[in-house]
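Visitor: The chain contents come next:
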Amino acid sequence: MIEVEGLVKSYGSFRAVDGLSLRVEAGEILGLVGPNGAGKTTTLRCMTGIIPPQQGRVRIDGHDLATEPVEAKSRLAFVPDEPRLFDHLTVSDHLTIMSRIYGVADGAARGAELLDGFGLGDRKNAFPTELSRGMKQKLMVAMALIHRPQALVLDEPLTGLDPAAMRQMKQRVKATAEEGVAVIISSHMLRLVEELCHRIVIVNHGKKLLEGTLEEIRAAVPELGVDADFEEIFIQATGKDNA
Amino acid sequence: MTSTLLRLLMMSLRGRLLRWARQLKRPKYLVGFVLGTLWILFWAFNWMSQGIVQAKFVGSQAFEQLGGVASEPLQLLAAVGFALVVSLGWLLPFGRLALPLKESELHLLLPAPLTRRQLIQYALLKAQVPIVITTVVFTILWGSGSRRGLMFVALWLLFNLLDHYSKWLTMTQLRLRQVSSLVSRAVWVSIWAALALFWGALAPRLYAYGLAIYEAIGLEEIDFGGTLDRGDAAGVEQILARVADVPTDPVLALLLAPFRWVIAPLFNTGVGEFTLGLVPGALALILLHEGIVRSRARFEDAAFEHARKEATKKSPTRRYRKLSESSRKRSPFSLPPVGRPEMAIIWKNIMQCTRIPLTWLVAGGFGLLTAVALIPALFQAHDAVFIFIAMMGVIFLPMIPWISVFALRNDIRMELPQIDLTRTLPLPGFRYVMAAIVSPAIVGTLIGALAVGLTVSAYAGIRIRGLMFGERLYGEMPFTNLSRILEQPLGLTIGLLIAGVLPIVAGSAVLCSGMNNLVTLMFPAWIGLGPTTVKGMAALGHRMLLAMVLALAMLVALIPGAAMVTLAILIQVMLDMGWSGWLLPVWGLLVAVPMFVEAWLIAIVAGRLWDALDPSGELLEAGS
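In order, the protein sequence lines correspond to chains A and B.
Numbers 1 to 243, taken from my numbering, label the letters of the first sequence in order.
Numbers 1001 to 1624, taken from my numbering, label the letters of the second sequence in order.
Hint data in this document are derived by calculation from the structure and do not stem from the laboratory.
Careful, some of the hints might be misleading.
[What the hints assert, rightly or not] Listed next, the in silico EDC-like pairs over lysine to aspartate or glutamate satisfying Cα-Cα at most 20 Å (straight line):
no.	chain 1	residue 1	chain 2	residue 2
1	B	LYS1329	A	ASP87
2	A	LYS124	B	GLU1325
3	B	LYS1309	A	GLU232
4	B	LYS1329	A	ASP122
5	B	LYS1322	A	ASP122
6	B	LYS1313	A	ASP162
7	B	LYS1322	A	ASP87
8	A	LYS136	A	ASP162
9	B	LYS1309	A	ASP116
10	B	LYS1329	A	ASP116
[Stated by the list, open to error] What the simulated footprint calls covered on chain A by chain B, stretch by stretch (three residues with Cβ under 8 Å from a Cβ of chain B suffice, anywhere in the stretch; the number is not a length):
no.	region
11	17–29
12	73–79
13	222–234
[Unchecked claim] Okay, the calculated beta carbon distance ranges per label pair:
no.	chain 1	residue 1	chain 2	residue 2	range
14	B	ARG1016	A	GLY37	49 to 55 Å
15	B	LEU1092	A	PRO163	22 to 28 Å
16	B	GLY1528	A	GLY37	25 to 31 Å
17	A	PRO163	B	ALA1551	53 to 59 Å
18	A	GLU179	B	GLY1528	39 to 45 Å
19	B	SER1326	A	GLU231	51 to 57 Å
20	B	GLY1365	A	ASP116	38 to 44 Å
Glycine is no exception: its CB is placed at the ideal position from the N, C-alpha and C atoms.
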């Protein structure tokens, strides 16, 4: 499970994340949504140990990211919004290196299974520059899943994917959660969040505006009525905040 | 519309300058820029003050002297060069068959309401920036005093002629691809026939003229070590006068006349003569210009293809694409899924330099060194060949740390752009950084071992030659004196020396790599990260500063090792123990061990820096 308490991150005088707290249980999918510049990516980067927060605490499966980084990170996987791969490594090399770093005993078999699952089996000797953006994205997810993480953080996972790959990715994320993994998805695709996530957190200016299931969020914005779709709620909530 | 295109060109130039100026507002870029500029100025001044330019025949005074006394042969030589350039465009398949426009420019300009003429003119106009810069540089180097202005105009015209000719050639050859094959073949055959006739008539006359000049110079009479080096003006003038007296074949002069007309302004010193001399070149330029803009060649597809090719060529990842399927499956060593995780980082980083298994590399190195020893021995090569090989190894050795630091780049510099991936890896900072330090050091040490091996090969080669042909050494091998001092056979001395040097090679590679990784983590924005080499004055300044810091740090880091060896020698002298070649490996270890310890300490500090690194300011925001 993932626990975030009072996360604060500033860039100079600009506060990107302002005391954000959230909790994701095992098997749960949490959607993190917000307008551009709301602090989503910074939050995810703080949660995964890429950038240190100025305040707050992140725990992955009970291990504090600041004091037990290796234990926390070995249970965590992060898929960034932009697939950043090593130009000189082939698809297969990427999975080999991840297997070794995370000590996955059945790394070769698991890697082959993931590559086949994502339709990359015949591209295992290709370099990143020979892959489309969607393929790179799939490889990033395969790399994230190879060590069977207990917490999975995805930043805009569907960007660059074709409709068939989107459906496949959604199924994979659902299946991963069903295996007991705590999942956080940050996305601008509100339909995806609506469809996949058990709970949603709407953020703006680094602060949490609303949190809960879709019904709970709908109830929190009564002026839109009970039939309001998520897009209307999102615009209402973030618009109010901007005003 | 042309003014709009000109405006576009000026705006993009202005944008570049503004971006550059904005960057200089940040102290680190300003410092880098100042240092880089000082560096360039220092070298430029040094170069000019040493009189290299003025002293050589391309220098302004000598140029004028040559132009005055031996103007005829010089002009003929320049005309031949020009004729060669003109001909080669039709004879060799090099060069692009496309106007040099970027993909972004094509996407912007092709759908814009522009005439074809305007678009082509834009491509021609674009070339003016590099042409003017090159002309200014050459004018500064070659021109002198009042002639500078004339020289600028003459050079500008010449460079424009070359640029326009290459573009005219592009458009014409492109058009020839698009017309019927019969017409195309007829044109090509006619041009080749004309060129064959031209060069067939020119070559024997040129040879005869060259021979006459050679005889006039009388190379055998010149004392190169004396007269010319001392700049004996009288001697040079005598030679030039003899050269000027060589009569020019009238047919040769006639054949080269059109080319001489075009380059004439370069040699005309008087303003009136110069202005008149410009006319043929200017006319040729106008004709070429009209030929390009009026060409009916469909250039769009070729321009797109060229733009894409250029972008790929500039991509640092292009070399990976060329790898065969079997090469892609190779790796420096096998990496089982379970074991120390940092080995995966070393595996990955070495793979950036080579995918050839390390065992193959070592075997290949032995094979190469054996060949280096055997081949000259079998051909009974002179001692000089072996001494050259040995010296190559000795000269190459001190460069190893620098190779591992600057050339390989398979360290943390390549990791930082992938920070979103690397920072999430469950590896403590120390182990992660240590892996990044060790990777270039392994490759550097292997190259160092190869350099050491060259010295051994040279020695072995001489021995093999002696055994096979019974020849004695004519001169002295390097280290002969050392073997005498140590009272050991030369072979054993070299062996012991290598045993002493190898740990130092490995130590210095590790230490230098450690310092480089530490500096990268301390000042990531100062370092060129990723595979692309950053260009520009600020980057040059940063690199220069980094090199100075590393050189200084390396010197300081050598102090403990040097102190250890000094202490050992002192103890030896005090105890009156005498000298032996067996001390060489011990001294090598005494120098190397502190280096390894220092690298270890550096890894601890750098590991802490990695753990505490906040990449948000300098790495993630920079769009890494």
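Visitor: Checking against the hints above, which ones are violated?
Guide: 3, 6, 9, 11, 13, 14 and 15
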